[in-house]
Amino acid sequence: MRPAVVVTGISGNLGRTLAKLLHKHERIIGIDRRPFVGRPKDVEMYELDLRKKKAEDVFRKNEVRAVIHMGIMHDPRMSEEEHHSFNVVGTTRLLEYCAKYGVKKVVVLSSANVYGPSPDNSNFLTEDAPLMAASRFSGVRDLIEVDMLAHGFFWKHPQIETVILRPVHIVGPTIKNAPSNYLRLRHPWMMAGFDPMIQLIHVEDVARAMVAALRPEPKGVYNVVGPGEVPLSAVMRELGNSPVPVPHLVARPLLGMLFKYRIANFPPPELDHIQFLCAVDGSRWVQDVAWKPHHSMRETIRAVQGE
Amino acid sequence: MLERLGDRVKKGLREWTDRLANDEQKQRMLALPRPENEYGVDPFGYNLDFSLSAVAPFLWLYRNYFRVETFGIEKVPAGRVLLVSNHSGQLPLDGAMIGVSLMLEASPPRAMRSMVEKWVPSLPYVSTFMARMGQIVGTPENCRRLLESDEAILVFPEGLRGINKLWPQRYQLQEFGLGFMRLALETRTPIVPVAVVGAEEQAPALMDLKPVAKLLGFPSFPVTPTGLPFPLPTKYRIYYGDPMHFTGRPDDEDSELDKKVRTVKASIQSMLHQGLKERRGVFW
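Keeping their order, the protein sequence lines are chains P and R. Heads up: the first sequence at position 120 corresponds to 120 in our numbering, and the numbers run straight through without jumps. Heads up: the second sequence at position 170 corresponds to 477 in our numbering, and the numbers run straight through without jumps.
Chain P on its own, in the form it takes in the complex (with noise of 0.2 Å):
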């Protein structure tokens, strides 16, 4: 049988748009807890937890030529201690049966939110700017050690090609992540006085990323930016919502409020992200992969909404 590629996490939003993208060309196995919603037929399928024993029967029964990571959650309604457990430990068997398994190419999807949105950054984070999201969203935590765990990995295996990419906002139709649900609003807050440059990438151009970093030239830290770069108000424009300009020393403590009591799903601190900036610079990706996305910046602002 031909050498498969493993993906992790292939049943959600993003690992769905990345099946069907790439099953025509490579012999897939999914791994996830949750079941795989119209799976393609040529597409295998192991419903379990990467934290399993089981998880390795996956590597030692198949020759694994590349993994894709995408199995990390992040739900701020999650106890902290699982979210922890899940993302962490996951990733840290994940990577040690790419290393005894000699997998020869590994993919983890971690985000560009990890540098963290903050009044005194550049306007553009290239890959070795610090991880700072945590200082202000404890949140994040995990996701930066995810992240950290594949840093570390790159350099300790260098016989292996570790990719790990860093993805600006994440929408689309059916996506369900922070800045896709916050756009969907029909009255989203805005910080009073606040606009700051916002960078959005279409799921479908995520997922021809992750494809790209399969090829052979890819290594290392990449952060992957889509259209460009357009004022929060001006998605809101394309978007025909009304926002409702909050002064921001009352959004925190109201938005605090708000989600103690499950009214709002957004903890506080991503606020930071409509009132700071968290751009990054792609020009890496661009110039190693020959990176242009496919759909344009409207496109992508629509997609929110859906067709």
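Since the hints were derived computationally from the structure, they do not count as laboratory data. Please note: incorrect hints may appear among the correct ones.
Covered by chain R, according to a simulated footprint, are these stretches of chain P (three or more residues, beta-carbon under 8 Å) [what the hints assert, rightly or not]:
1. 113 to 124
2. 188 to 195
3. 225 to 234
Label pairs and their computed distance ranges (CB to CB) [stated by the list, open to error]:
4. Lys317/R with Arg252/P: 40 to 46 Å
5. Trp323/R with Val286/P: 39 to 45 Å
6. Pro76/P with Asp561/R: 42 to 48 Å
7. Gly386/R with Val89/P: 51 to 57 Å
8. Glu82/P with Ser562/R: 54 to 60 Å
9. Arg451/R with Asn181/P: 33 to 39 Å
Chain P is faced by these chain R residues, among others (derived, beta-carbon under 8 Å) [to be verified]:
10. Glu345
11. Pro431
12. Tyr432
Every residue, glycine too, gets a C-beta built ideally from N, C-alpha and C.
We have chain P; now place chain R onto it with these hints.
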């Protein structure tokens, strides 16, 4: 509704800009480069139309209030350039006036970028205003990026030490930072020394109420004879010096860089002396 009001204000200001500028200056403003995407901004958030509207009050200050005179603006070279100036006056109007002079009087006209303090992005409205005007947070990475795309950048190496100084220290250059010299060496950028005469007297600060400043999160809280640091209509004279080219290692020791910085400082200081000698008074 708020949006429509904003658009009306913008349109009114734009008409004001057009009234204030003569035909030649209007041509120059139209000749400014437009680096924008379909949403009207460049990657840094700069918007030319916003700038041309928002510049109206500064244009008025430039022509009617401070009655700015410039000397030697033709020395500003095309391409990347670091403008290094003295900084004073409690409010950074010296920066704004240098910017207006480059827009109206330089050939070709330049949309200057300046490096703003790191606390600016944490201020509501000010942060957005600055970004749309093309002003950028003063990190070395930002500066490098802009110089590599051949922009004109204004730096105040005295920083807050300059703008917040008190009345007895007027026209005495404070300690210069070395960062601009490192960047100039690294990106091979010519330095044009700039001296602003007049701003130093616009808001004579008698004392700095540090505890109040700390309470408000401001870098300083100056007390002037008028109470607030409201600028008086002093006459501005802006002197542009000859471009200076430096060579050497950008990662050299501070003492080596300091020597180079001192030549820039000396050049600014001598232009300041010249300007003070040439003028007849503070207000005319």
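Does 40 to 46 Å hold as the CB distance between Lys317/R and Arg252/P, or does it fail?
-> This hint is violated: roughly 31 Å between Cβ atoms.
Under 8 Å, Cβ to Cβ, is where Glu345/R needs to be relative to chain P, so tell me if that hint holds or is violated.
-> Holds, about 6 Å.
Has the hinted range 33 to 39 Å been met by the Cβ atoms of Arg451/R and Asn181/P?
-> 36 Å, holds
Using the beta carbons of Pro76/P and Asp561/R, state whether their distance is inside 42 to 48 Å or not.
-> 46 Å, holds
Can you take a look at whether the segment 113 to 124 of chain P is actually covered by chain R? Rule is 3+ residues, C-beta closer than 8 Å.
-> holds (count 6)
With 39 to 45 Å as the target window, see if Trp323/R and Val286/P comply at their CB atoms.
-> For Trp323/R and Val286/P the Cβ distance comes to about 42 Å; the hint holds.
Per the coverage rule (Cβ-Cβ under 8 Å, at least three residues), is the segment 225 to 234 of chain P covered by chain R?
-> That given contact holds, which follows from 5 residues of the segment 225 to 234 of chain P lying within Cβ reach (below 8 Å) of chain R.
Tyr432/R as chain P interface residue, shortest Cβ-Cβ below 8 Å | Cβ of Tyr432/R sits 4 Å from chain P, so the hint holds.
Stated coverage of the segment 188 to 195 of chain P by chain R [criterion: 3+ residues, CB within 8 Å] | n = 5 at 8 Å, threshold three: holds.
Is it true that the C-beta distance of Glu82/P to Ser562/R lies inside 54 to 60 Å, as the hint says?
-> At 56 Å between Cβs, range holds.
Verify the interface restraint on Pro431/R: the C-beta must sit less than 8 Å from at least one C-beta of chain P.
-> Holds - the Cβ of Pro431/R comes within 8 Å of chain P, reaching about 3 Å at its closest.
Hint check for Val89/P and Gly386/R - Cβ pair distance inside 51 to 57 Å = 54 Å, holds
Checked against the numbered hints above, the structure breaks only hint 4 and satisfies the rest.
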